[in-house]
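Given the coordinates of chain A, assemble chain B onto it according to the supplied hints.
Take a look at the letters that make up each chain.
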Amino acid sequence: MGMTELDRKLQARMLLGARVEGDRLMLDDAVLTAALDGSRPLTIGERAALQASPLTLRRFKALADTRRRAAAPAWSGSHGLLRAADSAGQFAALQTDDGMWRLHVVDSGGKLAVILQLDPHVPGAAQVLASKIEITVRDGAKAVVLRGSLDADGECEGPWPFATTPAAHFQQHGARFDVMPSA
Amino acid sequence: MRLPGTRYQEHGWEQVRKLLGQCSLQAFARLDSALLLDPDTDASLAAYVDTVAPLLYAAGARGEQAGNSYGDSVAELALTLTFELQARPADWAALCAAVGAEHARAGPFWRRPGGEAQLRKKFNDVYAVLRDKVDSDNYQIACGRACSPNRMYAYRMLDTAYHELARLFAAWHQHLEQVGAILERTIVALPIEARQLRSIADCRPEWILRWSEHQERFAGAPGPLHTRSKRFAALKDNPDKIGAMLREIGDYEQLSANADHDWLQEREDAGAWLDDYWRVLNESETGSTPGPDQILEAQQDEPAAPDSGAPAEPAPPAPDDREAARLALVTRQLSLPPDYLLAAAALEDRTSWTARRMSDVSLPVRLAVYLKLLGPFDDSYPSEWLDPASGELPTMQQLALLDGISLPTLRKRRDAAIAHLNAAPAIGAATEEERRWA
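Keeping their order, the protein sequence lines are chains A and B.
Residue 94 is where the first sequence starts when you use the numbering used here, and the numbers rise one by one after that.
Residue -1 is where the second sequence starts when you use the numbering used here, and the numbers rise one by one after that.
Looking at chain A on its own, in the form it has when it is part of the complex (with noise of 0.2 Å):
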């Protein structure tokens, strides 16, 4: 009760589409930033300027997203497992236990080729993305599976490189596969 996600997206629609006739930036970005940070609360006549001024308060929010992402936590890695049914013979997509990658085998004009593809809306997906950091993906025996750079849709594409078949193989090596950033 009381905040909505309906709501929350109304007030930040309305706080972000007013507009006020000659509005300007009232307050700097030290005074904003020391705000957010909390070692000095607005005083009573800054904060009547922010809530009065509709432009500074998008200064605000522009500052808040980027203090945002700066904090949220790096990716480090991803693990996950193979699951019992895989073991059968046929394998389908895996996914990693957070919830970030998932890794398919397809058949790409008669050979196996491994994808590895990253859930933009997973928290930290974008710094991700953003850092353009090579990866590799290893499976249970720390054998590498894929090597690679994710494109501008966060995937990335290599041949499968094991004779055996992609449920043996895992099978075979572990049962599990690590998505990490290559050393």
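If you're looking for bench data, these hints aren't it; they were derived computationally from the structure.
None of the values given here were measured: they were computed from a predicted structure.
A portion of the hints provided could be inaccurate.
Unchecked claim - DSSO-like, lysine-lysine: derived pairs with alpha carbons at most 27 Å apart:
| id | chain 1 | residue 1 | chain 2 | residue 2 |
| --- | --- | --- | --- | --- |
| 1 | A | K204 | A | K235 |
| 2 | B | K410 | A | K102 |
| 3 | B | K228 | A | K102 |
| 4 | A | K235 | A | K225 |
| 5 | A | K102 | B | K119 |
| 6 | B | K228 | B | K239 |
This is chain B only, laid out in the frame that chain A set:
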């Protein structure tokens, strides 16, 4: 030209402007242009935006083109600008005044041959002003430095001047005299400056000044810094300022050419900043820093004149039996489920802040508010609010019928309800309530 935050300063603007002109004329072909003479400009603005928005959505190939290098389409940019217009009624009133003045002089000019072009020009003018307002705001939000629409216009003038200069330098052998006047020497061979000029950041302010100074002689019309207009008076005698602006455009061009995609980041919890906002207000209320206030001085002599929200209209009477019969008839006409309003009302969270703030308006008006602010479909709508036929909220026409009022009245009540929600004290009070519940 690209600058931090700006969206409307690249070549695609030409298409955005054309699309807005075309769809605005179509909208008034439906609405009757005489509406622009109505003294109730709030009503005509609401009718215009509601009519033009679907036309922009359905604009087809022209709308799908890229409007800038950030991936915004022409239609998206045009739509955003009409919604911006809606939030700036003074700009709309200026358009209506311009149409009114023309009408006073020449009658219903839009019906005469060539009158359409005249009307389109009025829309072009209002959006030309608006795009620089929007982008100077966007610039300030992106980098925290003051900027005015006039300054945005000046950046663009300098960018255009640079491109003209670069063109002359590249074809120096065809423009010996003009390039010589700009460089203040006689040109006999490829000037070193022409080879060194690779980006706007390399452009020297004195070249721009001399180019403008000699435009009258070489192009027949005075250059932008040498017209009688006072528009660039502050720049004309200030090469350092011109140089800084040229470098800023160049530096950002380079930076944004290999920019990271920021589209993904916007998809993250887009409302998280609200928590920061409420926390900052709360911390200020419970332990505000004793003065003095550190409020920025205005850089331009533009006095702020906040306007007060319009008062909400009185609540419509509660439905009685006759009303129930009317509703049953109306829902049948609309092919909505017969108990649509009952079901929709039952699924509305009446304890929510929004519903309580709008408890004095009817459910169709409240739905019209959601339609306006969040669009026809949103994850947060209960499915009982949606028209089973479309999977979306009922349209404005359907909502007006449901409420037994005319479309303009529904628009009025909707906008009054939004103004009421929007009134600054309401937001403050709501945040206090929110904190009590948190």
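Among all the numbered hints in the text so far, which are the ones the structure does not match? 3, 5
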